[in-house]
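Enquirer: Numbering of the sequence shown is given in this note's numbering, commencing with residue 100 and proceeding in unit increments.
Derived from the structure by calculation, the hints contain no laboratory data. Misleading hints may appear alongside valid ones.
As the list claims (entries may be wrong) - Cut-off 27 Å, straight-line C-alpha distance, at most; resulting in silico cross-link-like pairs (DSSO-like, lysine-lysine):
hint: 1; residue 1: K159; residue 2: K130
hint: 2; residue 1: K159; residue 2: K111
hint: 3; residue 1: K130; residue 2: K111
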Amino acid sequence: METLDFAFYLRKLTGDLLSSYIVGNGKIDLKLDLEQIYLGMDTAVPLGIIVNELVSNSLKHAFPRERKEKSA
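Modelling step: build the complete structure from the supplied sequences, incorporating the hints.
Expert: Rendered as structure tokens:
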């Protein structure tokens with residue numbers, strides 16, 4: 100079974116999400132305290148989807164006014 104360095108994956112995923120959601124002054128600090136763990140793909144993929152939804156929804160709804168101004 101293939102495994103994935105999940106800490107590395109989470110850093111990449113959250114970094115990409117932060118880059119795509121520019122809000123306020125464009126600077127959002129996200130601090131991750133992760134330990135290196137390798138997960139099977141059958142576990143890593145669903146967890147990655149959950150983290151993606153949590154982070155993207157947090158960024159989207161934490162700054163609704165700024166998002167509307169930027170998209171208009």
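Enquirer: Run every hint past the structure and note whether it holds.
Expert: Structure-based check of all given hints:
1. The hinted pair formed by K159 and K130 meets the criterion: a straight-line CA distance of about 18 Å does not exceed 27 Å.
2. Distance restraint check for K159 and K111: the Cα-Cα separation of roughly 19 Å lies within the 27 Å cut-off, and the hinted pair is therefore satisfied.
3. Distance check on the hinted pair: K130 and K111 sit about 13 Å apart at the alpha-carbon level, within 27 Å; holds.
In this structure, every one of the numbered hints holds.
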